[in-house]
Structure formats: structure tokens, C-alpha cells
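Engineer: Sequence:
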Amino acid sequence: MLKNNCTKLPTIYKSIIIFCFSLLFLLLPIYNAQAATAYAPPKGYPMGAATDTTGFAGGKITFDSNEVFSLQGQFFAKIFTSSGSSGGFSGLDNKGEDKTRYLQNYIHDPSAGLTDADFDKVSPPMISENISGEDMIRWYANENSFIFSKTNGKAKNLSYYIETPPSDDAIAKAISGWSAIPPTDPKYADDIKLFNSKKDKTSSLAGFPNMKNNGITSFDDATQNVIDVSDYYANFTSTNYSNSKAKGDTTKYNDAIKNADLNTNKLVKDGDTINSAHVIQLTIDMNTQSKDQGVVFADIDGNVPHFEDATAISINLVNFNVKTMKMPFLILNYKHFSNDSAGISFNFNNGTWMTCNAYPPASDGTSINYKLDGNSKGTLFTGQNSNGSDKPASDLLTQSLTPIDPTGKKPEKVKSVFNTSSHIINNFNTENGKIFIGNPKSSLYGSVLAPSADVDINADQGILYGSIITGQNIIGNLNVPSDMAYQSIFNASDDFGDDSIQDFLKNPDSVNSTHPTIKSISLPGYTSIDTGSGTTHYIPQVEPYDFHFSLNNITAELPEHTVQTSKKSFDTTINVDTKSTPAKTEKYYLWYSFNNGPWEKYVQDGTTELTSSKLGITGNVADKLAKTYSTKHSKYKYDEVAYTNSATYDKASDPNQVIGYHLFHKNRISYLVTSTTDTDTHSKYNDKTINELLGGASGTILSASDLAEINPDYTPISYNLHVIGDLLVSYPKIFNFGNFTAGTSVATPKLTATGLLTVDNPFGLKWDLAVGTKDTDNPKNPFFIPDQLSWFEKRQTSPLGNSTITYGNASNLTTIKSKDTIFDLNSSIFGSDTTSIINNNYYSAQIALNLQTNKITHPGNFKDNVTWSITSPKIPVDPSQE
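Quick note: the sequence shown uses our numbering, first residue 15, plus one each step.
The set of hints was computed from the structure by calculation and includes no laboratory data.
Worth double-checking, as some hints may not be accurate.
[Stated by the list, open to error] The calculated DSBU-like cross-link candidates involving lysine-lysine, where the alpha carbons are at most 30 angstroms apart (straight line), are:
#1 K520 / K649
#2 K226 / K215
#3 K283 / K272
#4 K305 / K283
#5 K405 / K427
#6 K215 / K280
#7 K92 / K187
Let's have the full structure, built from the sequences with the hints guiding it.
Structural biologist: If you want it as C-alpha cells, here you go:
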């Protein structure tokens with residue numbers, strides 16, 4: 015911890031070559047450890063590295079090559095192998111059709127709907143560390159495999175990536191079917207060439223965008239990536255089940271959804287008999303006023319008995335107009351499902367089924383009051399509503415074509431079942447038993463995300479609707495047609511990156527409220543600060559003068575939600591979700607607070623009642639808001655104490671050396687919005703409304719936890735503002751006197767070396783700059799001869815900000831008489847006259863060193879060890895840095 019404020023620089027040298035005065039330095043880099051932050055998949059990669067894949071396994075994928083004739087989609091695994099033995103078989107089936115097995119042969123399956131523009135998205139379709147089994151090698155070497163398209167009989171081939179391919183002997187043996195082929199046999203070379211002909215040339219796994227952008231550098235990283243993605247989505251909901259009731263967030267959803275009901279605390283059956291099956295039922299009421307893309311998270315806890323033994327999943331979208339509304343994204347978080355005697359934790363077998371139905375709004379587009387939890391008998395939801403009659407359902411799992419985007423922005427159409435499946439994730443976050451999918455009559459619709467469980471799929475043609483992503487192993491019949499492989503994977507519509515969804519994912523607790531909320535704060539040139547972000551932000555330095563080197567732009571790690579800037583004046587935009595509707599404009603108050611003090615109401619254009627969703631606060635936040643605030647709340651006023659972070663700095667920037675202190679004013683700024691008509695009260699606060707409390711004359715201080723106690727929607731957004739003003743000295747590293755020939759002092763009475771000396775002191779602290787030496791006396795060294803070396807200065811005379819800098823006449827600084835203190839420059843001689851170019855805040859001068867030559871009698875190279883130091887009265891250390 016810094017206990018004094020004297021910056022001592024390393025030893026510095028002067029020498030003459032024959033006479034040269036030089037300054038050498040040591041640079042000590044200082045690194046701060048970056049705090050770990052919760053993983054969120056990068057934008058554009060909602061499934062992490064597994065995005066856009068049909069099958070992704072951190073371990074092994076075992077294909078049933080006896081059943082799979084054409085493997086379509088993109089697959090990733092550490093190992094590809096098979097449970098069959100017919101990978102290279104060719105012939106006719108009992109219908110007389112070709113039975114040749116191949117991988118990703120799109121030319122034979124036009125239903126994929128792929129064009130040449132999709133080639134880079136599709137290739138390579140197979141990525142693995144290695145493959146095993148003769149039939150797998152035959153698949154890879156099959157001349158009909160890895161064909162993307164054909165034009166006039168000429169094939170456009172895909173490639174495959176294998177980090178460690180099979181040996182040449184294994185390839186030749188598998189392809190020929192012989193027990194051994196000698197390397198001298200021409201067929202040996204032909205077989206090797208056939209196998210390698212479509213091998214991807216990418217140098218490493220990290221060369222593929224999915225891998226690079228998700229931090230995957232080896233196959234061993236894949237399992238952790240799947241775990242991270244699964245954990246990320248699972249954390250949106252959290253329940254504890256006790257005393258036959260679940261407590262916590264069973265559902266969470268954005269503003270495109272009005273309500274979502276999961277039957278966690280209510281038994282629902284598929285009939286009214288004692289033997290009727292238990293059902294997991296999720297009923298979602300759409301917000302007919304919203305144009306945003308919907309997203310719903312549901313917590314399906316196996317600790318709930320009627321979830322553990324359920325054999326059906328029923329999803330219902332009410333007030334959903336299939337012609338105008340986009341299908342919402344549904345993330346179903348399964349957890350705590352116990353393993354049966356066969357080690358299966360989730361068994362979607364012959365007795366199970368899944369439905370997804372839509373029920374319309376009124377004919378005029380307004381909402382119908384559906385009874386989301388069905389009827390009192392606990393039977394399936396069938397469109398029950400308060401109008402007295404059930405509404406007919408639209409099945410969202412049919413083969414009929416539906417637009418990808420009902421708004422018409424995307425003209426493509428896909429099968430309804432593909433569109434629905436591509437919006438569902440079945441996230442088995444805690445399950446470590448096997449996930450079994452084996453019902454040929456009813457699929458588990460949507461992608462499977464299972465970080466810790468093997469997935470076994472016994473699928474006939476057309477049964478896999480979505481991707482299978484696991485950190486472990488996949489086994490089974492993945493006989494998937496091309497259209498299903500690409501049109502039913504999660505986010506096939508590419509809507510998950512919409513701003514409305516991304517805003518919700520960053521700050522899910524600010525949604526689902528009737529109160530206006532702050533979504534984020536935008537600062538110049540930087541991504542916004544929000545309640546879910548821990549990013550440190552820097553606003554570039556814009557100073558009115560040219561300084562040779564500045565520490566103001568250092569990128570050391572700062573506490574999260576910290577803004578660092580070298581200027582107080584910058585515009586701020588408060589991004590507000592006003593909750594306005596076409597029928598009503600909601601008004602709100604903006605409150606602000608400094609340093610956790612009382613709240614003040616913001617006034618803009620003479621009014622406190624605001625409506626803008628992008629509220630701009632222009633100009634000097636630290637002065638404009640702070641001055642108004644400080645007049646009422648002096649205890650919490652804007653703090654202009656110059657803090658340090660307990661470290662001094664030195665850094666080279668040719669031709670100068672820089673030393674100094676990193677200094678900053680540290681303040682915390684908070685914002686909050688409330689509705690002008692808000693009537694929420696709390697008995698703890700004498701039943702006063704939130705606006706009465708915040709605007710009270712007594713200056714009530716309400717912390718974030720106090721506000722949440724009144725209403726969880728009241729989430730202030732805060733950041734630490736570090737306005738920096740580093741005390742910096744920039745001085746020459748080298749004073750070069752050139753060459754001198756002894757005995758020529760009459761012709762050359764002095765040698766002169768020059769350099770620029772600058773002191774930057776924006777906070778106006780007192781300072782003292784001292785230059786001294788601790789070198790040993792040497793009577794031959796001209797630097798140690800009294801009165802030989804003199805210092806002169808030409809102070810800057812041009813106004814700050816001029817493109818051309820001018821300097822005044824030379825004046826004597828000092829003539830060196832003591833080797834211990836060469837000279838001392840103190841800020842007190844300048845005063846605080848800010849109308850002068852040179853003052854307590856800024857000093858700049860051309861420095862000239864004149865070395866008299868009349869007493870130089872010895873030739874040679876001479877040097878003097880010199881130290882520079884900047885001192886200031888004690889500067890407090892930022893308490894968070896001690």
C-alpha cells in the first residue's frame with residue numbers, strides 16, 4: 015500500500031560520447047487480475063460452439079450405419095464411430111432403390127433447399143478428433159459422400175475435418191475389405207488418395223468460426239462449453255420444492271408475453287380417470303400489443319411428483335395469431351429427474367407424447383381472457399376461457415408450410431413442425447443418466463441440450479426435430495433428411511439475436527412489470543451499461559493540448575460498472591422502457607443520486623414528467639447534476655478529492671520518459687425511474703408511495719434492497735465515475751551533447767543539449783520536481799566540475815490547443831553547484847493564475863543544458879547517474895484498492 019507520495023525513478027545515466035548526457039530507465043509493468051464473470055454465449059451463437067449443428071458431443075457419436083443411408087446435417091465429436099458394418103455397401107433394396115450409404119450428399123436431397131450461398135455454412139459437415147471402425151472409413155471414402163451439388167455432372171464437394179486421421183494401413187484395409195494390402199500395390203495408394211481427397215485443409219480446430227468465437231482450441235474444451243451454455247439458460251429460473259409447493263421463478267419471460275403458467279403446483283392429467291397420465295403443461299398468454307419476439311423460460315423440476323412421473327408435455331399459446339405473430343422461443347429447464355433401474359433419467363418412449371397448440375385472440379385482435387390453468391378438474395387445457403366456450407386449437411406441429419416471419423420481412427416458408435421445433439430447447443441441466451428418445455409416433459420436439467448425460471435416439475425417418483447437444487455421448491439412428499437437419503435446429507430463423515430478446519437476456523428482472531424501468535445507460539462511443547453487465551468502460555481523452563504521453567488512457571482492470579474518463583463533460587442517454595402502449599403514453603420521473611445519498615428528481619425543459627424512451631442528459635454530468643445535488647445534500651456531494659490507486663507509474667514514450675501518479679475523482683452515480691401515477695406502498699415506510707418517499711423533504715435514503723422490498727421492479731442502475739487527472743512529468747531520456755575535441759574550447763566554448771520538459775497537473779495539486787545524482791565524484795568527469803553545466807528554459811507562450819507551439823526567451827533555471835541536487839522545480843512559483851499559459855496546472859518548456867568546455871581536459875566517455883522524482887503532499891489511496 016502506498017504510504018508516501020514520492021515517485022523515485024530508477025538510476026539514470028549521463029555520458030559524453032565523446033560527451034553525451036543520457037537518461038536510461040526501467041519499466042515495471044503492473045497487471046491486475048480480471049475478475050471471473052458468468053459465461054454467456056456470444057451473440058450469434060445461442061448454443062455456443064454447437065450452434066447450427068445437428069449433433070454435437072463432447073465425447074463420442076456412434077452411428078447405426080446399418081440403418082443410416084444418408085447422414086445429413088453438421089456433426090461434431092471427439093470420436094465418430096458406428097455400431098453397424100455396412101458403411102460401404104452398395105446395391106438395391108427390395109423396392110429396387112439404391113442402398114448406397116453416404117454422408118451429407120445434398121444433391122440427392124433437394125428438400126434441403128440449399129443454394130451455393132449456403133456452402134460455407136454447411137462445410138465441413140463432419141468435425142472430429144478421429145474416427146474408428148471400417149464402415150466409418152468407407153463412409154468417408156465413398157465417392158458419393160460429401161457432395162454438395164452437381165452442375166453438368168461436375169460435383170462441388172464438401173470437406174471433412176479429422177485432427178488425427180486413421181493410418182494408411184487402416185484406410186486401405188477398410189476400403190478394400192482385404193486383410194492386408196502391401197504398400198507396393200497400386201490400389202494401396204489409390205485408396206489413400208480416395209480417403210484424403212475431401213479432407214479439410216484448416217490447420218487447427220480453432221480455425222473454424224464456431225470454435226474460435228467460443229474459445230474452443232481443442233476437443234477437450236467442448237464438454238465445458240456445453241456445460242456453460244446449459245448453466246446459462248438454467249440460471250434464468252430457480253425453484254425450491256418443499257411442503258408440496260414450489261417457490262421461486264417457475265417461469266420467466268419478456269414483454270412479448272403477458273403471462274406464463276406452468277402446472278408446478280397443480281396436477282394436470284390427460285383425462286378424468288384414475289389411470290389418466292400426468293402431464294407437464296405450459297400455457298403462455300401472448301401480449302397482443304407487442305411487436306417483439308417472445309421468449310419464455312420454464313423450470314421443470316423432477317422433485318415435483320407429477321412432473322417426475324409425467325408421460326406427456328402440453329404447450330399452449332393463447333392469444334396467438336399464427337398469421338401475424340412470431341413463434342416465441344421456449345427454453346424448458348429440466349432438473350432433478352431421477353435415474354431408473356436402466357440408468358435413464360428422462361425416457362421419451364412409446365407411451366409418451368408432446369403437443370404444441372395455438373389459440374387465437376378475438377377477431378378484432380384484442381386479448382381473450384383464457385383460463386391458463388384449465389379447469390377445476392385438472393384436465394388438459396383445451397382453450398377454456400371466460401367467454402363461455404372453448405376456442406378451437408391450431409396444431410403447430412403439422413407438415414403444412416408456414417412463413418418464417420409473419421411480418422413479411424423474410425419470405426421463406428418452412429413446415430410448421432420445423433418452425434416450432436427450431437424455437438424450443440429441452441435443457442437437461444442436472445441430469446446425469448441417459449436421455450432416451452425412442453417414440454416413432456410422437457417426437458420430443460425441439461433441441462436437446464444435455465451437458466452431463468448420454469443421449470440415445472432410436473429414431474425412424476423424420477423423428478428428430480432439432481439438434482442433439484451433449485457434453486457426453488450420442489448413440490443411435492440419426493437418419494435425418496436435409497430439410498429437418500437445417501430447418502428444425504434451434505434458431506433456424508435467426509431471430510434469437512433480436513434486440514428485444516438480447517435486452518431481456520441481459521436484464522431479465524426488469525421485464526414483466528407494469529412499471530417503467532431503465533434498460534441501460536449509453537455513453538459516447540461505448541456499449542451501454544446495464545444491470546446485468548460488468549463491463550469496464552473508457553471514454554477517450556480529449557484534451558486541449560498535446561501531451562507527449564498520457565496515462566489517462568491506461569486499460570488496467572477496474573471494478574465492474576466503472577466508467578473512466580479524462581473529462582467531466584460528456585452526454586449520457588438513459589434508455590427507458592416506458593411501458594407505453596398505442597392507447598396510452600406513460601409518464602415517468604427520473605431520479606438520480608450521488609454517492610448513495612438521497613434521491614433527487616431530474617428536471618428537463620422545465621418539467622419532471624418525462625415520456626422519452628431515450629432521455630438525453632447533455633453536457634457536464636459531473637458539474638451540472640452534481641452542483642444541483644450538492645446544494646441540498648452536502649454530505650453526499652460530488653467528491654473532488656484526488657485519489658490514487660496506490661501505484662506510481664513510469665513509462666517510455668520516445669523521445670521522453672514519463673513519471674507520475676494515476677489520480678482520479680471517484681463518485682458513484684445512480685439513476686431510477688418511477689411512474690408518475692405509482693401507488694405502491696409499504697407498511698415499513700408508513701404506507702407512503704414510492705414517489706412520496708423518494709421526494710420527501712427529509713431526504714430519505716433508499717438503497718437498492720430497500721427499493722426491491724417495496725417492489726422488485728424498482729431496480730436502480732449505478733456506475734462508478736472515475737474522472738481522471740494524472741499528475742505526469744514528461745522529460746527527455748537523452749540530452750545529447752554531440753562530439754567535442756579536447757583543446758578546442760576557444761572555438762567551441764560550450765556544448766548544448768535540448769529536450770522538452772512538461773508537467774501536467776489537471777487537479778491543481780502542489781508538486782515538486784527534483785533532479786539529483788548519487789554518482790561517485792570523478793575529477794575527470796566534466797559533469798562534476800562546479801559551474802560547468804547550466805540549465806535554461808524557454809517556457810511555452812502559445813495558447814493551449816494551438817496546432818503550433820511557440821516558446822519564449824531563454825531564462826536561467828540553475829547552475830549546478832551540488833551533485834546531490836542538480837535542480838528543483840516547485841509548482842509554488844507558478845501560482846494558480848489560469849489566464850497564464852504556465853501555471854500550477856500546466857508547465858511546458860524547452861530545456862537547454864549548456865556545458866562549458868574550457869575545463870575539459872581528459873578524453874573519454876563519461877556518465878553520471880541521475881534520478882528524477884515528482885512529489886506531492888499526501889494523496890489518499892482509493893479505499894477499494896488498499
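Engineer: Against this structure, judge whether each hint is valid.
Structural biologist: Hints and how they fare:
1. K520 / K649: 34 angstroms, violated
2. K226 / K215: 16 angstroms, holds
3. K283 / K272: The given pair, whose Cα atoms are some 25 angstroms apart, holds under the 30 angstroms limit.
4. K305 / K283: 34 angstroms, violated
5. K405 / K427: Holds - the C-alpha atoms of K427 and K405 are around 26 angstroms apart, at most 30 angstroms.
6. K215 / K280: 56 angstroms, violated
7. K92 / K187: 23 angstroms, holds
Violation of the numbered hints given earlier is confined to hints 1, 4 and 6; the remaining hints are satisfied by the structure.
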